[in-house]
Structure formats: C-alpha cells, structure tokens
Amino acid sequence: MHEFAMDIDFSLILHPHGWSTFLLNIDRKAYEIEISGALSDPFYDFTSLLLSLLNNEEEVTIKWLREPGGTKVHIVRNKIKRRLLDVKIIDFDYDLATGVISNKSELVSFEIKQKQFLTIGFYQLKKTYYLLQEKNFAKYRKSEFPYDLYDELTKRIAVDLPGL
Numbered sequence: 345m346h347e348f349a350m351d352i353d354f355s356l357i358l359h360p361h362g363w364s365t366f367l368l369n370i371d372r373k374a375y376e377i378e379i380s381g382a383l384s385d386p387f388y389d390f391t392s393l394l395l396s397l398l399n400n401e402e403e404v405t406i407k408w409l410r411e412p413g414g415t416k417v418h419i420v421r422n423k424i425k426r427r428l429l430d431v432k433i434i435d436f437d438y439d440l441a442t443g444v445i446s447n448k449s450e451l452v453s454f455e456i457k458q459k460q461f462l463t464i465g466f467y468q469l470k471k472t473y474y475l476l477q478e479k480n481f482a483k484y485r486k487s488e489f490p491y492d493l494y495d496e497l498t499k500r501i502a503v504d505l506p507g508l
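When the count follows my numbering, it moves up by one through the sequence shown with no breaks and lands on 508 for the last residue.
Among these hints, one or two may not hold up.
Restricting the straight-line Cα-Cα distance to at most 30 Å, the calculated cross-link-like pairs of lysine-lysine (DSS-like) are [as the list claims (entries may be wrong)]: (1) LYS432 - LYS459; (2) LYS459 - LYS373; (3) LYS432 - LYS483; (4) LYS373 - LYS416; (5) LYS459 - LYS425; (6) LYS483 - LYS448; (7) LYS373 - LYS432; (8) LYS470 - LYS483; (9) LYS457 - LYS479; (10) LYS459 - LYS486; (11) LYS425 - LYS373; (12) LYS373 - LYS479; (13) LYS423 - LYS483; (14) LYS479 - LYS423; (15) LYS457 - LYS407.
Simulated from the structure, these hints should not be mistaken for lab results. Every value quoted in this text rests on a predicted model; they were computed, and no experiment measured them.
Could you build all of it, start to finish, from the sequences and the hints given here?
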C-alpha cells in the first residue's frame with residue numbers, strides 16, 4: 345500500500361526551447377523531473393491525463409522522455425475508494441537508437457484524492473496558459489502548449505468541478 349500523502353504539491357514548468365520540468369513535493373521531500381519537448385509532449389500528455397481522470401478511466405500512464413532516459417507516471421484508480429488515485433513515478437533509461445527501456449526504478453509512489461490531483465494539475469496548466477499571453481514569456485514557448493485540449497479540459501472542469 346502506498347503512503348497517503350496529505351502534503352503534496354507539484355509544478356509543471358515550461359522552459360524555452362522545448363524543455364519542461366515537473367517538480368513534485370511530497371511531505372517536504374522534493375523530486376525533479378526534466379522533460380524534453382523534442383522527445384515528449386509534456387503539456388499535451390498532462391492535459392490528456394487530467395481528461396482521462398475526469399472520464400473515470402481506471403488506469404492512465406504517460407511517459408516523458410529526456411536525454412538519455414525518461415520517467416513514467418502511472419495512475420491507477422482505487423477499486424474500493426474510487427475517489428483515490430494510486431500514483432507511481434518510475435525513472436528509466438531509454439536508448440534513443442533502439443527504443444529500448446531498461447533499468448526501471450521507482451522514484452516515488454503515493455495515494456492522493458482525485459479532486460486534489462485535478463485541482464493542482466488544472467491550476468498548473470492555467471498558470472502556463474496565462475503566462476503564454478505575455479509576449480516575452482511566449483517567445484520560444486507558445487508552440488509547446490496544447491491550446492485546443494486545454495479549452496476542452498476547461499469546459500470539463502466547469503461541468504464536473506464547478507467553481508474550481
């Protein structure tokens with residue numbers, strides 16, 4: 345069983361020139377995941393993940409690649425308490441030439457309420473959406489954001505979690 349994390353926060357940061365960082369803080373322990381926008385599409389993947397959770401999918405996985413490895417975020421809905429999500433974050437080595445994944449190791453696992461995860465995740469995307477309206481911030485970044493998918497997520501949030 346995973347630890348139930350009450351003190352949790354994360355940030356998805358869009359850097360210029362195709363890089364992003366996912367910062368995760370669980371009970372005052374920090375994890376930093378670098379993501380290559382050339383090898384992955386982190387904002388599209390994360391927005392899709394949130395939509396999948398809103399669709400009550402039982403299991404959702406995204407893989408974020410970097411040079412030379414990657415990270416897998418694997419979420420499984422608790423079968424008994426369906427509002428709870430079991431989250432595993434796994435680092436791995438990735439060979440770009442062969443596409444082979446090796447040396448998997450669990451970085452962290454935890455349990456979180458779906459509403460808490462959706463709230464934190466949605467506001468990370470919303471933050472980036474509004475920052476991209478600033479000319480200086482948008483330079484070298486605006487093509488990295490999934491505007492249409494974000495609009496779809498915003499509409500779903502308004503229906504499923506009004507007031508968020």
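Against the structure, the hints come out as follows:
no.: 1; hint: LYS432 - LYS459; result: holds, 18 Å
no.: 2; hint: LYS459 - LYS373; result: holds, 22 Å
no.: 3; hint: LYS432 - LYS483; result: violated, 34 Å
no.: 4; hint: LYS373 - LYS416; result: holds, 19 Å
no.: 5; hint: LYS459 - LYS425; result: holds, 13 Å
no.: 6; hint: LYS483 - LYS448; result: violated, 36 Å
no.: 7; hint: LYS373 - LYS432; result: holds, 15 Å
no.: 8; hint: LYS470 - LYS483; result: holds, 18 Å
no.: 9; hint: LYS457 - LYS479; result: violated, 36 Å
no.: 10; hint: LYS459 - LYS486; result: holds, 28 Å
no.: 11; hint: LYS425 - LYS373; result: holds, 26 Å
no.: 12; hint: LYS373 - LYS479; result: violated, 34 Å
no.: 13; hint: LYS423 - LYS483; result: violated, 44 Å
no.: 14; hint: LYS479 - LYS423; result: violated, 46 Å
no.: 15; hint: LYS457 - LYS407; result: holds, 22 Å
In summary, the structure is inconsistent with hints 3, 6, 9, 12, 13, 14 from the numbered list given earlier, while agreeing with the others.
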